[in-house]
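Novice: As they're listed, the protein sequences go chains V and H. No gaps in the numbering here: position 229 of the first sequence is 229 in our numbering, and each next residue is one more. No gaps in the numbering here: position 70 of the second sequence is 70 in our numbering, and each next residue is one more.
Hint data in this document are derived by calculation from the structure and do not stem from the laboratory. Errors might be hidden in some of the hints.
Which residues of chain H face chain V? A few of them, derived with a C-beta cut under 10 Å, are [to be verified]:
no., residue
1, Arg14
2, Pro36
3, Cys39
4, Gly50
5, Arg66
6, Gly67
7, Glu78
8, Leu81
9, Leu82
10, Pro94
11, Leu97
12, Ser101
13, Arg102
14, Ser104
15, Gln138
16, Pro147
Here are some, though not all, of the chain H residues that point toward chain V, as calculated from beta-carbon distances under 7 Å [said to hold, decoys possible]:
no., residue
17, Val65
18, Thr68
19, Gln77
Everything numeric in this text was worked out from a predicted model, so none of it was measured. Here a beta-carbon is modelled for each residue, glycine too, at the ideal position from N, C-alpha and C.
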Amino acid sequence: MRWVLRGGSLVVGLVLWQVLTASDTEAWLRFSQLPTVVEVAERFAQQVGDAQYYHDLGSSLARIGAGFLLAAALGISLGVVVARSRVLGDLLQPSLEVVRPIPAIALVPIAILLFPTDEQGIVFITFVAAFFPILVSTRHAVRALPTIWEDAIRTMGASRSQVLFRVVLPGTLPGVFGGLSVGMGVAWICVISAEMISGQFGVGYRTWQAYTVVDYPGVIVGMITIGLLGWLTSAGVELLGRRVTRWLPREAAI
Amino acid sequence: MSVVISGLTVSYGRSAVLSGLDLSVSQGELLVVAGPSGCGKSTLLRAVAGLVPFTGQVLVDGVPVRGTSRERAMVFQEDGLLPWRSALRNVELPLALQGVSRESRRSTALAWLDRVGLTGFEDYLPRSLSGGMRQRVQLARTLAQAPALVLMDEPFGALDAQTRSTMQRLVAEVLRETGTTTIFVTHDVDEAVLLGDRVVVLGAGEVDVHRDAILKAVMA
Numbered sequence: 001m002r003w004v005l006r007g008g009s010l011v012v013g014l015v016l017w018q019v020l021t022a023s024d025t026e027a028w029l030r031f032s033q034l035p036t037v038v039e040v041a042e043r044f045a046q047q048v049g050d051a052q053y054y055h056d057l058g059s060s061l062a063r064i065g066a067g068f069l070l071a072a073a074l075g076i077s078l079g080v081v082v083a084r085s086r087v088l089g090d091l092l093q094p095s096l097e098v099v100r101p102i103p104a105i106a107l108v109p110i111a112i113l114l115f116p117t118d119e120q121g122i123v124f125i126t127f128v129a130a131f132f133p134i135l136v137s138t139r140h141a142v143r144a145l146p147t148i149w150e151d152a153i154r155t156m157g158a159s160r161s162q163v164l165f166r167v168v169l170p171g172t173l174p175g176v177f178g179g180l181s182v183g184m185g186v187a188w189i190c191v192i193s194a195e196m197i198s199g200q201f202g203v204g205y206r207t208w209q210a211y212t213v214v215d216y217p218g219v220i221v222g223m224i225t226i227g228l229l230g231w232l233t234s235a236g237v238e239l240l241g242r243r244v245t246r247w248l249p250r251e252a253a254i
Numbered sequence: 001m002s003v004v005i006s007g008l009t010v011s012y013g014r015s016a017v018l019s020g021l022d023l024s025v026s027q028g029e030l031l032v033v034a035g036p037s038g039c040g041k042s043t044l045l046r047a048v049a050g051l052v053p054f055t056g057q058v059l060v061d062g063v064p065v066r067g068t069s070r071e072r073a074m075v076f077q078e079d080g081l082l083p084w085r086s087a088l089r090n091v092e093l094p095l096a097l098q099g100v101s102r103e104s105r106r107s108t109a110l111a112w113l114d115r116v117g118l119t120g121f122e123d124y125l126p127r128s129l130s131g132g133m134r135q136r137v138q139l140a141r142t143l144a145q146a147p148a149l150v151l152m153d154e155p156f157g158a159l160d161a162q163t164r165s166t167m168q169r170l171v172a173e174v175l176r177e178t179g180t181t182t183i184f185v186t187h188d189v190d191e192a193v194l195l196g197d198r199v200v201v202l203g204a205g206e207v208d209v210h211r212d213a214i215l216k217a218v219m220a
């Protein structure tokens, strides 16, 4: 019954869109400017058969992949270091806290100046976007770790690295995956924005291109593609998170 | 393993939780430290385990305690099991840290789980076990570690009366069987008398009482 309701609400939304745009409705909002569902579907079918579409998908995914993986590696490592070492925390935290409030997308001019190619600049923006949520979640998760786990393993004679790999890293995974989920979402926002500003390929670039050549069905196809990519990659992170934190009580699982 | 504690002082901030404590435990002895909440019983164990900084001296077989060691295992009131490891893998953990081979640590862990009556629960995660079962896993893990000294911090405090009594019998049996020197902290006088070769009461000055004396007093 619930699935019928959910499916029904989607169908009603699509029908409403089709009716409002096909009848060129203007009631403050100018639906006359937007393509109909049928036009979008036709454009989608056309794009799916075009190699350019997959090239753009590949470009965006490669940028997300590189930026996000770098952010995950560095965000988790620095989060652990800042939370566990007072000296390194004092050394690194002020610089990190100064940069953190700046939205990654505001760094585009710097990225263009700093990096020899646009490609590297976009990966940098994606990296910065995902880095801070991952760093902050990891730092918080390490600080919130129950001390008894560490006490227990230390009285088994564990070395510092054994404490790190056997307790700190597995114990902080739920918090870390919270950060990875948020990081993935923000990374998509920023990669698409950066592509719109300075890209040569990619879904964001193609969507903005479609807008500038008045190909509105193409804009909607781009938006849907971005939504699907974001959803798939976030679901991937979520699924991996659930797998590695199966020990959590289900209702508290991420 | 014998323990000689002299002038032990532990402070948290400005307040001293333990101040100039002297105490000794002989090889193979099960010493119970009793006393009201906040008298420093747990702090005493944490100092001997090497988990908190202290002044004074704690000698274990004549060697001063500096930091933690696998020779001084601790059993906590909350179980301290790693929730992402199954019962079996929790018991294997101290052996894995020592670099014992997979087969060998598996057979040792299985034997100890069997000894504490948990055969059939090897693959259970701690969250699927009852409080009493988790404490038994913790006990098995401690014994698998084969420490020379076991420090038990009110391990049965959160258990119901029946489970507690079963666990007390099991602990007394296994520790005596292995000849492990033990310091057992409790605020429960009955438990102290039941388990201890000797009972020390911490509080308004440390009082050293032998079990026979307490039994005599209770009988009278």
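Novice: A separate judgement is required for each hint: does it hold in the structure or not?
Specialist: Consistency of the hints with the structure:
no., hint, result
1, Arg14, "21 Å, violated"
2, Pro36, "23 Å, violated"
3, Cys39, "20 Å, violated"
4, Gly50, "8 Å, holds"
5, Arg66, "13 Å, violated"
6, Gly67, "8 Å, holds"
7, Glu78, "6 Å, holds"
8, Leu81, "8 Å, holds"
9, Leu82, "6 Å, holds"
10, Pro94, "4 Å, holds"
11, Leu97, "5 Å, holds"
12, Ser101, "17 Å, violated"
13, Arg102, "16 Å, violated"
14, Ser104, "16 Å, violated"
15, Gln138, "8 Å, holds"
16, Pro147, "8 Å, holds"
17, Val65, "12 Å, violated"
18, Thr68, "4 Å, holds"
19, Gln77, "9 Å, violated"
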